[in-house]
Structures are given as C-alpha cells and as structure tokens.
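Each chain, written out:
Protein chains: 2
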Amino acid sequence: MENLYAASPKQVREMFRQETLVKPTAGMCGGYAQGNLVILPKDLAYDFLLFTQRNPKPCPVLEVSDAGSREFKLTAPGSDIARDLPLYRVYENGIMTGEYKNVEQFWREDFVSFLIGCSFTFESALIDEGISIRHIEQGCNVPMYVTNISCKTAGIFCGPTVCSMRPIPYEQVVKAVQTTARYPKVHGAPIHIGDPSHIGIKDINKPEFGDSVEIRKGEVPVFWACGVTPQAVVMNVKPSIVITHAPGYMFITDVKNSQLSD
Amino acid sequence: MENLYAASPKQVREMFRQETLVKPTAGMCGGYAQGNLVILPKDLAYDFLLFTQRNPKPCPVLEVSDAGSREFKLTAPGSDIARDLPLYRVYENGIMTGEYKNVEQFWREDFVSFLIGCSFTFESALIDEGISIRHIEQGCNVPMYVTNISCKTAGIFCGPTVCSMRPIPYEQVVKAVQTTARYPKVHGAPIHIGDPSHIGIKDINKPEFGDSVEIRKGEVPVFWACGVTPQAVVMNVKPSIVITHAPGYMFITDVKNSQLSD
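One line per chain: the protein sequences are A and B, in this order.
Residue numbering for the first sequence follows UniProt numbering, beginning at 1 and increasing consecutively.
Residue numbering for the second sequence follows UniProt numbering, beginning at 1 and increasing consecutively.
Derived from the structure by calculation, the hints contain no laboratory data.
Be aware that one or more of the hints could be misleading.
For identical chains, the list gives no copy identity; a pair is met inside one copy or between any two copies.
Below, a list of computed lysine-lysine pairs in the BS3-like style, where the Cα atoms sit at most 27 Å apart [said to hold, decoys possible]:
no.: 1; residue 1: K256; residue 2: K152
no.: 2; residue 1: K73; residue 2: K202
no.: 3; residue 1: K202; residue 2: K217
no.: 4; residue 1: K42; residue 2: K202
no.: 5; residue 1: K42; residue 2: K23
Since this is a predicted model, take the numbers as computed values, not measurements.
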C-alpha cells in the first residue's frame with residue numbers, strides 16, 4: 001500500500017469519495033487534524049451546540065456546518081460530508097442499523113454536521129516531545145472509561161464525561177500536561193492524573209470502550225476528556241436518526257495540527 | 001461613595017437588584033470577570049450561538065442561559081439576569097426604545113441570555129504587567145472601530161469585526177500580545193498591530209464607538225476584537241426584541257479573571 005502519511009487531505013478524501021480506499025485514518029496525512037463526525041437533525045442541533053459550549057473539554061467543536069450543507073467549508077473547502085469519510089455508522093432510535101461507505105441515501109435538508117476535535121492531534125504533539133503513546137506501541141485502540149464527572153446538562157443532552165487514558169512515565173507527566181494544554185481545541189490538558197478510582201473508574205484493566213493497555217512500573221495513568229463523550233450523550237436520547245464516523249475512520253481536514261494550538 | 005473594588009460580586013449584584021446603585025461597573029469587584037449581556041428570543045438563539053462558535057475572538061461566550069431561565073447558574077449562581085445589572089437597554093425592531101434598571105416587565109419564557117467576555121479582564125492583566133491603558137488614564141471610553149475583517153456568517157447573522165484600540169509603547173507590544181493571548185475567553189491576542197488602514201480604518205481619531213484617545217510618539221496602536229461586534233451583528237437583523245446591558249453597565253460574575261486564562 002502506498003504511504004498515505006505524505007498524501008494531502010484533499011487527495012485522501014477523494015479516495016474515500018471514490019470508495020477506492022476504506023481504512024482507519026490513523027497515520028494518514030501527517031500534520032493535518034482529523035475530527036469526529038456527528039450529524040443530527042436541526043431540531044436537536046441547538047441543544048447539542050449548547051452542550052458543546054458548556055463542555056468544551058470533551059466536546060471541542062472544530063466546525064458546525066450550515067443546515068443542509070454537505071460541506072465543512074471552513075476546515076475543508078470543497079469537501080462532501082456525505083462521501084468524504086471512509087466509513088460511516090447510521091443510528092436509528094439509538095440503535096446502529098448499519099455501516100456505509102457513503103450516506104448520500106440518508107441525507108436530509110435539515111441535517112447539521114458537527115466536526116469535533118480528536119486526540120490524534122495532541123498525540124502527535126506528545127510524540128514530538130518524546131513521549132511514547134502505549135496504545136500506538138501496542139497497535140491497539142486507546143482505552144476509554146466512563147467517569148463519575150458529570151457533563152453540564154444542556155436541554156435534552158446530559159451524561160458522564162468519558163475519558164481516554166495513556167500511561168506516562170512519572171518524569172514525563174509534567175511535560176505531557178504542558179504539551180496537551182497547548183491544544184484546547186482537541187481536549188486540552190488532562191482531567192486527572194493518577195488513581196483511577198478518584199474519577200469513578202473501578203477497574204483500569206476493563207475500559208468501557210477501546211482496548212486495555214499495559215501500565216508499567218514507574219508509569220502513572222493520565223486521563224484526558226474524550227470525543228466519545230458527545231457521541232455517548234447523543235445516543236442517550238435515542239434520536240430518530242444520527243450519523244457518525246465509524247470508530248477510527250475519521251474526517252481528515254485541511255487544518256494543520258499546529259493551527260489548533262494556542 | 002464606598003469603595004466597591006473590594007466588594008463581592010454577590011453584594012454588588014444585590015445593590016443593582018435593589019436599585020440602590022446605578023453606576024458603570026468599571027473598577028467594581030476587583031479580580032472578578034464582567035461580561036456583556038445579549039438577550040434574544042429562542043428562535044434566533046441557534047444562529048447566534050453558531051455565530052459565536054464561528055467567531056470566538058469577537059464573541060467569546062462565557063455562558064448561555066437555559067431558555068426562559070433568568071439565572072446564569074454557572075458563572076453567577078443565584079443571579080437574576082432581569083434585575084442584577086445596573087442598567088439595561090431594550091431594542092425593538094432594531095431601535096433602542098428605552099433604558100431600564102430592570103427588565104422584568106419585558107421578560108418572556110422564550111428568552112435566551114448570552115454572557116460574552118469583556119476586555120476589562122485582559123485590561124487588568126495588562127495593568128498587572130505594568131502596561132498602562134490610555135483610556136483609563138484619560139478617564140474616557142475605549143475607542144472602537146469597524147474594520148474590513150468580515151466575521152464568518154452564521155444563518156441570519158453577519159457583519160464586520162469591530163475592534164477596540166489601545167496605544168502601546170513599542171517596547172511593551174510583545175508583552176501586550178503575550179499577556180492578552182493568555183485570555184482567549186476575553187478576546188485573546190490582538191487582531192492587528194500598527195497601521196490602522198491595513199484593517200480598513202480611515203481615521204484613527206474618529207472611532208465609530210467610544211472616545212478618541214491620544215497616541216503618543218513611540219507608541220503603536222494595537223487592536224483587539226471587541227464585544228461590540230456581536231451586538232452590532234444582532235442589531236443588523238432588527239429582531240422584534242433584544243435586551244442588552246447599557247454600555248459600561250456590565251454583568252459582574254463570580255468568576256475570577258484568573259479562571260479565564262489558559
């Protein structure tokens with residue numbers, strides 16, 4: 001397979017549009033920000049936008065489309081939201097009813113699309129600082145946990161904060177905080193460092209989402225707010241229809257990671 | 001008059017509520033953030049919230065109330081938005097129809113209140129860094145200008161960015177950028193440094209809002225996005241009713257300025 005690290009976002013989105021490539025996007029288009037996608041009917045969009053405003057750490061919004069528009073015109077001019085991701089999930093009344101390579105057949109004029117920052121951006125900043133990311137080393141998904149930290153309710157949307165965890169050597173914890181704090185648009189600084197039980201996590205080896213990773217001697221678990229939070233919160237209210245990216249199959253923007261730092 | 005610099009926000013809001021004090025709020029409750037108020041009917045709130053999301057520098061939202069609620073429950077628990085400001089303005093169909101010490105008589109169940117960050121916060125940070133603020137020295141209002149920098153349109157809301165200007169000595173310009181950059185929730189770093197004509201300002205001595213201030217030899221005009229932008233944008237569309245604070249008569253929150261820094 002050709003190396004898509006050096007490919008441009010536009011090139012890769014075109015491959016997804018043509019459906020000649022259907023792969024998780026990690027490692028593609030080095031230096032460019034990727035995002036989580038949530039597509040909702042307009043009648044839910046106000047409450048959801050307010051939810052993101054009140055909960056910016058788990059829900060850092062990169063862009064909200066105009067109602068009915070299939071383009072993220074600010075972060076990816078010329079994009080087609082209904083075709084430019086490699087894989088989508090459709091949920092009806094809270095139940096996943098299928099995975100699709102494009103969602104044109106489901107498109108409605110009242111759809112609003114939310115693009116939400118993704119931890120890939122701060123992970124590449126951590127790696128640049130010499131901080132290794134365990135789940136990348138292990139070739140698995142990041143472990144994610146439901147915490148006892150409530151999000152601030154907005155209209156019909158409420159629920160707990162979901163966080164991701166990365167084991168960090170004690171001597172790199174401060175650097176990890178400083179580095180990720182520079183990226184408030186992609187979850188920012190950690191929400192907790194150390195004892196998992198303090199934020200309501202019963203068993204660090206049993207994440208609710210993703211995969212368990214090894215925590216070695218001399219390492220401390222560090223927790224960041226996670227983009228699964230808004231998805232979980234939307235699913236809670238079982239809307240008639242919601243479309244999201246399939247986990248790991250993200251939207252690739254034309255925005256450089258460095259543009260998302262302070 | 002008693003010195004209200006040391007008073008608590010709750011005390012001062014109570015005085016406004018009792019209408020025993022009707023004064024501009026500059027200098028009150030030292031260390032606490034003050035905010036601009038915009039109250040809109042719910043049917044305009046989604047477009048306005050989206051406008052603030054797309055234009056965070058001129059429109060840094062501190063809090064959005066629940067529809068119909070008169071409380072900023074996150075930034076000022078126990079507050080009454082309809083009574084806790086010293087002076088309000090009511091606009092009907094784009095025309096100011098009166099100033100009031102409370103707006104209970106106008107209250108509607110479909111009102112949504114927006115609290116938008118105010119430059120008082122970063123001005124106190126500048127002063128702490130030894131940077132003098134000319135309009136405070138001169139005892140007048142900050143000069144504000146309409147620029148040629150378009151805001152990003154959201155639904156019915158569009159318009160130019162309005163900026164405020166403070167003359168800064170050349171040797172303090174970098175410090176002024178660094179200091180205000182730490183406060184993205186109150187307009188953040190400047191949008192322009194130097195030649196006013198570069199951002200479409202024809203005559204620096206004729207601000208569209210506020211007062212002209214002296215620019216001395218060895219000083220450069222520095223421009224920040226201004227909270228007048230969202231107000232101007234709302235007025236553009238001449239909604240049936242909008243309520244705002246009267247200029248300078250701000251809402252005083254329980255949030256410390258320092259909590260608004262990164």
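Here's how the hints hold up against the structure:
{"no.": "1", "hint": "K256 - K152", "result": "between (30 Å within a copy, 20 Å between copies)"}
{"no.": "2", "hint": "K73 - K202", "result": "neither (43 Å within a copy, 31 Å between copies)"}
{"no.": "3", "hint": "K202 - K217", "result": "within (20 Å within a copy, 65 Å between copies)"}
{"no.": "4", "hint": "K42 - K202", "result": "neither (38 Å within a copy, 42 Å between copies)"}
{"no.": "5", "hint": "K42 - K23", "result": "neither (30 Å within a copy, 42 Å between copies)"}
When held up to the earlier numbered hints, the structure conflicts with 2, 4 and 5 and fits the remainder.
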